[in-house]
Amino acid sequence: MPEMVRGVGASVPRPDGRAKTRGEFEFASDLTAPGMIYGRTLRSPHPHALVRRVDVRRALALPGVSAVLTASDLPGQAVYGLAKVRDQPVLVGVREKVMYEGEPVAIVAAESPERARQALGLIEVDYEPLTPLTDPVEALIQGDGYRELVIRRGDPGAQAPVVVKGYYEVGQQDQAPLGPEAGLAIPSHGGREIDLYVATQGLHVDLDQVAECLGMERERIRIHLAGVGGAFGAREDISMQIHACLLALATMRPVKMWYGREESFFGHVHRHPARMWYEHGADESGRLLLVRATIVLDGGAYGSSTRSVVANAACFGAGPYRVPNVDIWCGASKTNHQPNGAMRGFGAVQSCFAHEAQMDRLAARLKIDPVEIRRRNVLAAGDELITGQRVTGSAPVDKMVTRCMEIPLPPALDRAAPAALPGGGGYLADAGRVRRGVGYALGYKNVAFSGGTDDFSTARVTLGLSGGKPLARVKSAASEMGQGLVTVIGQIVRTELGVDEVELMPADTLVGDAGSSSASRQTWMTGGAVQGAAQKVKSELLRRAGPPAVELGEGCVLDAEGIPLAPLEVLLETPIEYEHEFHHRPTQALNENGQGDAHVSFMFVAQRAVVDVDLDSGVAKVVQLATVQDVGRAINPLQVLGQIEGSVAQGVGLALMEEMRVSGGHVLNPSFTDYLLPTVLDMPEMISELIEEPEPLAPYGVKGVGEPALISSPAAIAAALRDATGLDLPRIPVSPAELAGIAHLAPDPRVVAGQRPLERVVPARVLTPVGEESGDGVERGRILERG
Amino acid sequence: MRVALNVNGEPREGDLWGGESLLYLLREGFGLWGTKNACEQGECGSCAVLVDGVLKCSCLVLAASCEDCQVTTIEGLGDDPVAGAVQEAMVSAGGVQCGFCTPGFVVVMTELLKRHPGADDEEVKQALAGNLCRCTGYARIVEALKRAQVQIA
Amino acid sequence: MLARTPDTTVVAGGTDLMVAMNFGRIRPERLMSLRRVAEMRTIEVGSDTYVGAGATFTQMLGTIEDPAMVLAAKTVGSPPIRNAGTLGGNLATCSPAGDALPPLAALDASVVIASAAGERQVKVSAFMLGPKQPDLRPGELIVGVRWRRAGLAQAFLKAGTRNAMVIAVASLALVLDKERRRVGVALGSVGPTVIRAMAAELFAQSWLEDRDWRPGTPTQAALDRFASLAAESARPIDDVRGSALYRRHVVALMARRALERTCASL
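In the order they appear, the protein sequences are chains F, X and P.
Residue numbers for the first sequence follow my numbering, so the first one is 5 and each next one is one higher.
Residue numbers for the second sequence follow my numbering, so the first one is 145 and each next one is one higher.
Residue numbers for the third sequence follow my numbering, so the first one is 3 and each next one is one higher.
To be clear, the hints were calculated from the coordinates, so they are not data collected in a lab.
Certain hints may be false.
[Said to hold, decoys possible] Computed list of lysine-lysine pairs in PhoX-like fashion (alpha-carbon distance at most 25 Å, straight line):
#, chain 1, residue 1, chain 2, residue 2
1, F, Lys88, F, Lys101
2, X, Lys290, X, Lys258
3, F, Lys371, F, Lys403
4, X, Lys258, P, Lys125
5, X, Lys290, P, Lys76
6, F, Lys473, F, Lys540
Excised from the complex, chain F in its bound form (with noise of 0.2 Å):
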């Protein structure tokens, strides 16, 4: 293959990154069309309701208002959602129930955005507001769930001489990609066909939906990737596509809609929130003889990708170590807050923070250090998972623990440097009660999709001339969030067909299904894609040049002594075009139990976090996250270490002070006020290496990278803090008052209640069968009472 400057492993700069710079590069919201008008929402104020009536009226006669549109209007289906049975509606109707604070209701367009706002407020909406659900945990006894799964291994009543149980808590994150919902609607045809505009993580998932819930054929809608602000999850999920193409073709205008900030924590799903309960069986040795969980995941009102996240969360539920005999329970409710969904993680992160905080219980019952305790314990290629997979990719988890080992703990704290002290410029901080402590973490999780999803990508790959010279197109369907699948891409057919001109065509539905930008699949999978036409190019490159050209050198064809024969512009009289559709290798549904060949390749990730604490305020600072991750192949190292570091951001983040609070199912903080972000402030030295052990049948030996670092850096940092303050903190994020040491003063009841027998709290747990979805889809828990 030839060496390229800017081939695979380079750091190459992005391609849009200049037009980023300089503002010139278009987001979905900073989309236009001429004759262009604007939609905006009516969402429900209550978490649960009935609607009795809506009145349009008042908002049509507004001046300026081109459409109101309600249940009634809708031309197509009246669901959609992520599950193969669409359960959520485009808007909901009389007679029918809001189930989530924020719930669409109403949909108009109007000449502008300020008008629009103006007719949501003249639309009558009479509500019987009714009690919601908004306990995970009895709503699993009432029987309102989206799916349990269970993993059991081994003896699931197995004995061991050391046991250690714990109760824990993961709030609810918000992806909070900085560039909020946003798309543009624009009819044509009188109304036959659409275009869509938006910002999306999977360009053919929006398209099965919107062309069901408008009526219409799919050939007459073309959907198009909009500059997308980060997604992180958010956008895996439908947000105002459908709702655009309705005003599109009600009105015959373009229509643009996009969410401010506060609408845009109510427009998409969350991360789960999680109540888990943990028993750890040891030998004396410390080595795993057993690990039973309860996982409950709040699923909110609709099911969106719950059932994979329920998956995920019990598959890892026990983290990357060897566990002879599994007990894992995992279900998620059907409550009456935000539907919850994907976020970088998917369900890993949840068990990671518990899995972690029970490794370190263990060491400390049996006075083992708690990076000891992990090695004795940690997989390796070869080894079975607690699915019975065994592990046929890399797995150099115990390399990866040295590593991280090794990497410098950082000076210890200038006592003299106020701003770096803990709680920065609010000089709270006492440089004398400050405490440092060191924390670990270990985590793992799939790449790609699993349980027998025929997951796959298509690439398009042509090669020609353009003044003269070689330049190749690639038109793939695969979602640039900001990851850098663009730069990959580019480096990719570089490598394979030695020419330096690479340019990335549009992302729309015109070519195949790239499938969505999640499960840190798209270097593999469209990199694989893209891979493959591109090899289908050079064999036709080779074929045109006829023997003795063997193989491609940089922007010519060689022999096998690699002797340059011809330019490749001589083989470009006519363009060559090929497309590829890249699968992975088959995996199987998990059993009953949980057992199966079900995941395609697994990244794991070592991580140390070193923290300091003000003992006396709780305030605490991150002061460093050393990460180790294993990559295969890094097939851009900058833009992996980009991914790397932003996941820590999130990671610090969910540690300590991410939360979305919710009462009574009010959402009480949608806004950057009070839903903090970690600012350049907040962040520690951050250093990171790669392990690169390539992986057998990915192309180049990728894994995936976007995920890792942030499953286990809130345990690692939780672990940090927990050796700082001497406390259990069961619970992220963690408050200033937890880490002060006062919360027990006023405790949070659910966290007391969790802490009772778990048989009190969910008094019995649901054996359903996992594996083909039944009926209605939306599978209701029946609660069993134990034998």
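Model the placement of chains X and P on the given structure of chain F, informed by the hints.
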């Protein structure tokens, strides 16, 4: 109502309702889409512009109060060598991922380097503390600023 | 002009008003911008400090020397917010979380208010009648704030969940005015308005009097007493930013640390 101001060196007139923000006027009014709207509350810095040379969150500036003001947006930094150094460094250091926060950062970083080119690490972070980024974790943005400082010196 | 149309909403930096406007929560009939009223931006530093209601926090940071005020101004929002936000705005919004308000109260500052009828001055503590309820009558405009210089033995501490751009969970300003033998202690975010912790002030005054205001570290007993008196003055609530329990705890802590640090620098 009408307001007449100078944007990026050019006189412009806007038609707006009284409570409109400068951010809205720049984007929807004048088609200068480079300045971004991520929170409308002054909590993220994506809307940063210069008003009469002073760094402001344009979402919090009443457009109607900008009569005769000189406003500079990301588009107006154009060929400024300091801005150019910042922009180049942001790309080479890996400080750009999705790019939504990037114009705001470039405006803030450029203003800092023009006013105080010798800013130390602490001063740099204090200056950037009002800009949120959700993708990068900030380290490469800070690195970009340092590279730009070296380049300019 | 305000006298003629008293239902006019006044705006300077816009850092509070524009948020409500952008979110569609307010639609004032009339808005008046103070941007061009130059005299509202004057800052004078002499034996008194006078800050015009239209002077921004950045302008203040370049000029004034009162440590409690400087420290508070540095923690307001972020640099672009400090370039727009004003003391006048903090006072008119009259939120107990306004960063500049505890130092103003601890400095025993006076608000200067003008109207067609003339000028009046009100002590900051008396000006803050309730949450979002300043003592401002229709047709009146805050033109500035004035306080006597009070030396350098001052402190401002702020508790928050993040290291920047954070609304205080609780804050405390302490002023030890050696020249006038006066102690000011003011608490932010722990009541419906900024609270002057008067029992704590009197205790500290008398303790300092007993030692003729000599610099030195207070005894643990004195710090304990001061801290608990300050905490007792607080009337915190539970809200999304913090619990009443934590707020009271951290007020006591801030009081103790502030006194310890400032007594050393008398």
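| query | Regarding the pair Lys290 of chain X and Lys258 of chain X, is the alpha-carbon distance no greater than 25 Å? | reply | Holds: Lys290 of chain X and Lys258 of chain X sit about 14 Å apart, inside 25 Å.
| Under the criterion that the straight-line Cα-Cα distance not exceed 25 Å, is the pair Lys290 of chain X, Lys76 of chain P satisfied? | holds, 23 Å
| request: Given the hint that Lys371 of chain F pairs with Lys403 of chain F, test it: the Cα-Cα distance must not exceed 25 Å. | output: Satisfied, since the Cα-Cα distance of roughly 23 Å is no more than 25 Å.
| message | Hinted pair, alpha-carbon criterion (25 Å max): Lys473 of chain F, Lys540 of chain F. Please report holds or violated. | response | holds, 20 Å
| task | Assess, step by step, whether the Cα of Lys258 of chain X is no farther than 25 Å from the Cα of Lys125 of chain P, and give holds or violated. | result | violated, 41 Å
| said: Does Lys101 of chain F sit within 25 Å of Lys88 of chain F, going by the straight-line distance between their CA atoms? | reply: OK: Lys88 of chain F and Lys101 of chain F at ~22 Å, within 25 Å.
The structure shown violates just one earlier hint, number 4.
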